[in-house]
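There are 2 protein chains.
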Amino acid sequence: MSPTTAQGTLVLIGGREQKDGERVILTEVARRAGPGTLVVATLASEEPDCQWRRYAKAFTELGVRRVEHLAIADREEALSPDITQIFDGATAVFFTGGDQLKIVAKLGGTSLLARMRELFEGGGLLAGTSAGAASMGEVMLVAQGPRENSHKVEGAFYMTRGLGLVSDLIIDQHFAQRARIHRLLGAVGENPGVLGIGIDEDTAVIVRPQESFQVIGSGAVYVVDGSGVTHTNVSETASRDTLRLFDVKLHVLDGHSGFDLNARRPFRDRASHSSDT
Amino acid sequence: MSPTTAQGTLVLIGGREQKDGERVILTEVARRAGPGTLVVATLASEEPDCQWRRYAKAFTELGVRRVEHLAIADREEALSPDITQIFDGATAVFFTGGDQLKIVAKLGGTSLLARMRELFEGGGLLAGTSAGAASMGEVMLVAQGPRENSHKVEGAFYMTRGLGLVSDLIIDQHFAQRARIHRLLGAVGENPGVLGIGIDEDTAVIVRPQESFQVIGSGAVYVVDGSGVTHTNVSETASRDTLRLFDVKLHVLDGHSGFDLNARRPFRDRASHSSDT
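Those protein sequence lines, which keep their order, are chains A and B. Be aware that the first sequence starts at 1, since it is given in the working numbering, and climbs by one per residue. Be aware that the second sequence starts at 1001, since it is given in the working numbering, and climbs by one per residue.
These are calculated hints, taken from the structure and not from any lab test. A virtual CB, placed ideally from N, CA and C, is assigned to each residue, including glycine. You may find that some hints are simply not true.
[Claimed, not checked] Label-pair distances were calculated between CB atoms; the ranges are: (1) A:Leu-62 x B:His-1231: 56 to 62 Å; (2) B:Ser-1167 x A:Gly-228: 49 to 55 Å; (3) A:Glu-138 x B:Asp-1260: 35 to 41 Å; (4) B:Glu-1121 x A:Ala-263: 54 to 60 Å; (5) B:Glu-1118 x A:Ser-227: 43 to 49 Å; (6) B:Glu-1047 x A:Ser-167: 53 to 59 Å; (7) B:Ser-1111 x A:Asp-168: 57 to 63 Å; (8) A:Pro-35 x B:Arg-1265: 53 to 59 Å; (9) A:Lys-19 x B:Thr-1230: 34 to 40 Å; (10) A:Glu-138 x B:Gly-1193: 35 to 41 Å; (11) A:Gln-210 x B:Ala-1263: 33 to 39 Å; (12) A:Cys-50 x B:Asn-1262: 54 to 60 Å; (13) A:Glu-46 x B:Asp-1168: 48 to 54 Å; (14) B:Arg-1265 x A:Asn-191: 49 to 55 Å.
Take these sequences, add in the hints, and give me the full structure.
Structure below.
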């Protein structure tokens, strides 16, 4: 990353990105991490050491010179004053998957999170896969209701505060694979001002906050724009009712396209994502 | 049904409608069948006798006086000249679930289908659940690709000709339950002139062709309107590419809403579906 960049970049991955072979997404993360340390944060995982070994191997193979492990078992560890030192010399953080609630419960309100935000605002890279991606929004979707009830409005209330590293976006992951259009629609119905972003597995968005994002990887990204919604029952009915939502705009993006966050318009084949570093 | 009705009504059910208890949808079918014979067509099923017994019991309990079983093992039986007699005195046909390809392979181009269309055009009721609903469009979606690949354009090509009883609609069923937004989007991308209708389980649309439909049941109905699509890669790329589709309009409807097919607009709480018989 150029040190003159006013703000950093986010790479939000839908989960299950390729770890061998072509691995387009991890290659892009490694390239953008640049010459500094890449910190692998396993806060969401039940098996942090296993995750750490897999990603350390992959990033090392992809040319990252220094990879460090941020392993935090509980909030007490997150509050330890020494722990922020791991970010000295760091240019990038990569959050692994697991449970996004664990990330936020450990990091929320800590000086460790403040240090991470500082790194990001100084032009650093924050990347996350699956839960690691979902945790970065101001609000996040934390649990899927039983699939039989996924059309119920109550699904929309499985939301809680995220890390707030990117505003006005709700990120959902494993999108096509776990039938999540309904819960994302419910979340957008709740607040049509936010943009819903559903990311398939092995697919990522590279976000320049307040500007645009570009899609990479093998799957699709679904953009749910509720700004034109003319009617919904989200606020007026009991939470067990079925969702009603008129006039949502939906875009399906592949790796040859992206989205202008200010104009709220999709675009094709812009080269900006590979020329800005 | 009033004998002066210019055309019949369709009831398209997303599958797994309640067969005991409140059973809103089957009650509506029974009511609309009126005093004539209701023919239960088990053409899609591997277990036609079992299906027949379940529905005969339910419809009899719901007040239908005469219920007949249209069981057709193969096309030879469908071509038998005597078989059309089952429709003498019939006011309604109910297609059970199973495999929609079986329905079309047995019925396509037969005088039995012509007789059924006659009944419908004379004001009769055609109802179908799951495969029975999907078979009624001009084109139908016949098989889901592996879920891992459901964002691929190739999914859009799992289409074949249906019975053509309702034009300009593509019907998909078990919608929320089987993660089918992607294949429906692919189908609409292929021909943005058709309207995609995704129906959840235990949910139905009551269609007055070329006019409107009303939603009943416990789930949601997703309307995918591609008429405003500004760009897609469906026709320009190899079939293994990921779908790209900009500016789809999406509506989520519950049982207190419906859709005007001419204006292509959703509406709330119109009483037309219960006052037109």
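Quiz item: Among all the numbered hints in the text so far, which are the ones the structure does not match?
Solution: 1, 2, 4 and 14
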